[in-house]
Amino acid sequence: MTDSKKEKKKEKISKQFAISIQGVDFSYGENQVLFDVNLDIPEKKVMAFIGPSGCGKSTLLRTINRMNDLIDNSRISKGKILIQGTDIHDKSVDVIELRKKVGMVFQKSNPFPKSIYQNVAYGLHIQGIKNKRVVDQKVEESLTRAALWEEVKDRLNENAYGLSGGQQQRLCIARTLAVEPEIILMDEPCSALDPVATGRVEELILSLKEQYTIVVVTHNMQQAGRISDETAFFYLGKLIECDQTKTIFLNPSKKQTEDYISGKFG
Amino acid sequence: MSSQQKEAENSFKMVLTKERVCEIIAFSVMRSMTYFVLFSAGFLFWDIISKGSKKIFEGEGLINWEFLTEHPQTLHVIETNGTKQKLSSNKYYQLKEKKISKQWNAQIGDEKFSQNLNELGTRFDTLFNAASSESIDKLQKLLLGYERNESIQKFDFWISLMEDTKLTAEDFEINEPEVAPMVSTFINGFFSSQSTRLKLLEKQLLQFKANHFPGISNPNAKIITEIKLAYVNFLELNIHLLVKDFLSKSKELKLRAENFLSKPEPKPLGDLVISYSDYKETKQIISSELEEDNAQAIEQLLSELQVIATVEIPSKDFSYSGGGIFPAIVGTFLLVIGAMLIAIILGVFCAIFLAEYGKSGRFLSTIRLAILNLAGVPSIIFGLFGFGLFVIFLDWNVSLIAGWFTLAIMVLPVVITASEESLRSIPQGFRESSLALGASKWTMIRTSVLPYAMPGILTSSILGVARVAGETAPIMFTAAYAKRTELPWENLEHWTDFFFQGVMALPYHIYVVSAKIPQNEYTADMQYGTAFVFLALVFIVASSSIILRNKLRKKYRW
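Protein sequence lines, in the order shown, are assigned to chains S and H.
Mind the numbering: the first sequence is residues 1073 to 1338 in my numbering, read in order.
Mind the numbering: the second sequence is residues 214 to 771 in my numbering, read in order.
No lab work stands behind these hints, which were simulated from the structure alone.
Hints should not be assumed to be uniformly reliable.
Derived coverage of chain S by chain H (criterion: at least 3 residues anywhere in the stretch with Cβ under 8 Å from a Cβ of chain H; other residues may be distant) [as the list claims (entries may be wrong)]: (1) 1138 to 1152; (2) 1158 to 1172.
Here are the computed lysine-lysine pairs in the BS3-like style, where the Cα-Cα straight-line distance is at most 30 Å [stated by the list, open to error]: (3) H:768 / S:1180; (4) S:1163 / S:1204; (5) H:572 / S:1172; (6) H:654 / S:1204; (7) H:768 / S:1172; (8) S:1225 / H:696; (9) S:1204 / S:1172; (10) S:1152 / H:768; (11) S:1202 / H:764.
Note that beta-carbon positions come from the ideal geometry of N, C-alpha and C, so glycine has one too.
Work the whole structure out from these sequences, hints included.
In structure tokens, the structure reads:
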């Protein structure tokens, strides 16, 4: 295969799928938590991962931007993950560049104990962008996109911990947006929020869909129904079913999926 | 109502079971032990503060500044009419000088005094007139001739001894093989007497001797002849140095004499007397003919004047009991700052490795064990270690830098353990979100772990500060001087010398004044005063770092 052909193939894949997970086995030491997961995540859509606790959905999410590298003895023993056609575990891949492309929002909102401005500008500062005008503009843009600008524009220099829980989580999203990722991974972003704040974050996710590929892990099935285009159901480290969200909720093809959705277990 | 109450009391009445009794006893024991601890601490602080503050607040003014700003000195206690006056050396000599000038000024109008001065002037004139008639060449020739004759005579004598060893052996009543060693001893003796006599040429003489060492230690007639010729040569080459020296001495004497005569005061008189005795010494080498009359008269006049310029103030002297502890305060500050800087830099880097980079395993647990063990090592061992490694092996001598490293290594376990703790207490979320924003590991640590861990690291360092400031054993061999008159920044030839000098330190000073000097009624004051200042300093340093920590904590809250 010549290089140009390779490029074309990559392009083709990237057009269809932002992320392609191919036969991934994953284990923490001796303990295997993912078994032969095959999953394609389309571009500019919201994909929801659902399943009972300990089914490996968070682990899978964290492998997508190699956050699991931090954990000793963890490894992908089989299969590979392609993002826009590139194997992210390839030696030539710089994990820093990968993480700039693939942002992540965590379960617990964890802004740095700095000012709101500093939090959003953090990603730019560590990239060495010092020009104040550029940074100012970027901060405003990100906060606006995260639907937080109107609430905080008068107190950008106050400590981020003065914000409410929902605001903090949106700040974390804004912080991620500032780095200009293409894919955003969200690990139960609303699990620590009250219903009102959850509503705001969900709205935000829906509005972001137009520009970003979003993967959301959630325990809340109604939430998955509200925000996602596609849903993947995991059980005991295996991908049971993945389809259009409507199909999964209304007409699942697997018995286990149906049982879980109807609340028979989990 | 009352009956109900009574019933209630009865139903909840305490029953003294065995367990309850044990409990009561145990509690009272704990309570009394706590009181004992409280009492000991209270007594210690009361003792040091009450006795120490006596030293700090004694004398005129609110604070005894002398104690805080002076060097340690000898204490002179002058007893007049039953009252004791305590003076440190500086003040004692000031007083003395004052009295001398008073006595001197009283003599100025005296007829005999001015007569003496006049005569001294004419005597010196005579001396210098005679001296100026002697040209350099003449002096040189004279001296060379004298020295050459003397030495040639000696060498010839040794040659004659070696030429007929049999006869010599008979003369000296020794065996023939012993002749050569004997002559060797003679020659050696000659050179050492020359070295003491011609002090100025000592180095060159040593060099000469070293050059001819084989010949001198195993002489025969031929070799001695060779040495003789070489020595004559040596004299011709070097004799001008002696003459030059003499000329500069006489020049100095002339200057001093003029100085004194133009303005007769006690201090220039002292200089003049010293200069004269120097001159006399060299003059005796240059030519044995000293103008006897004139010289004797000068000496007589000088000693008469000196009597006027001397005052005896009878005092009891107690070494180390006067003056202050300024150099020790400075030294302690320098030691603490340097050692803590090194310890924090080393310790934080080490802790970062342990907490952030190191993969948990046998290697890491071995390191941890080693660090914990290091914390248990007695401080005197650190002192010996520092002495062996820094002072001797690295040849840093007894110096600030050796003390810094020794103290730093001693507090390292404290700093590392606590820094690691505070690094670990930073929420994992900060790390993850930093990495997820595209930070490299080091950027992550630098920007979103270290700044937030800093308050904790500083807290731990406070413990280190007290320990570094307080330990005596590690600096005993590595950094501390019992007494040093110069402050660390004085008389530096090159700025690096700053690091390679010993300093005084408060804990070591306490040790010195308590154990190394003869004890007297005033040493206790010194000990308590030093201890008080020491406590106050540690308190100041510790509280300022607590303030710094609280400020940082307020800045980073989550």
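Each hint tested on the structure:
1. 1138 to 1152: As far as the region 1138 to 1152 of chain S goes, the hint holds, because 3 residues have Cβ atoms under 8 Å from chain H.
2. 1158 to 1172: holds (count 4)
3. H:768 / S:1180: holds, 22 Å
4. S:1163 / S:1204: Violated, at about 35 Å.
5. H:572 / S:1172: holds, 25 Å
6. H:654 / S:1204: Since the Cα atoms of residue 654 of chain H and residue 1204 of chain S sit roughly 25 Å apart, the hinted pair holds (cutoff 30 Å).
7. H:768 / S:1172: holds, 29 Å
8. S:1225 / H:696: Violated, because 64 Å separates the two Cα atoms, which is more than 30 Å.
9. S:1204 / S:1172: holds, 21 Å
10. S:1152 / H:768: violated, 44 Å
11. S:1202 / H:764: holds, 27 Å
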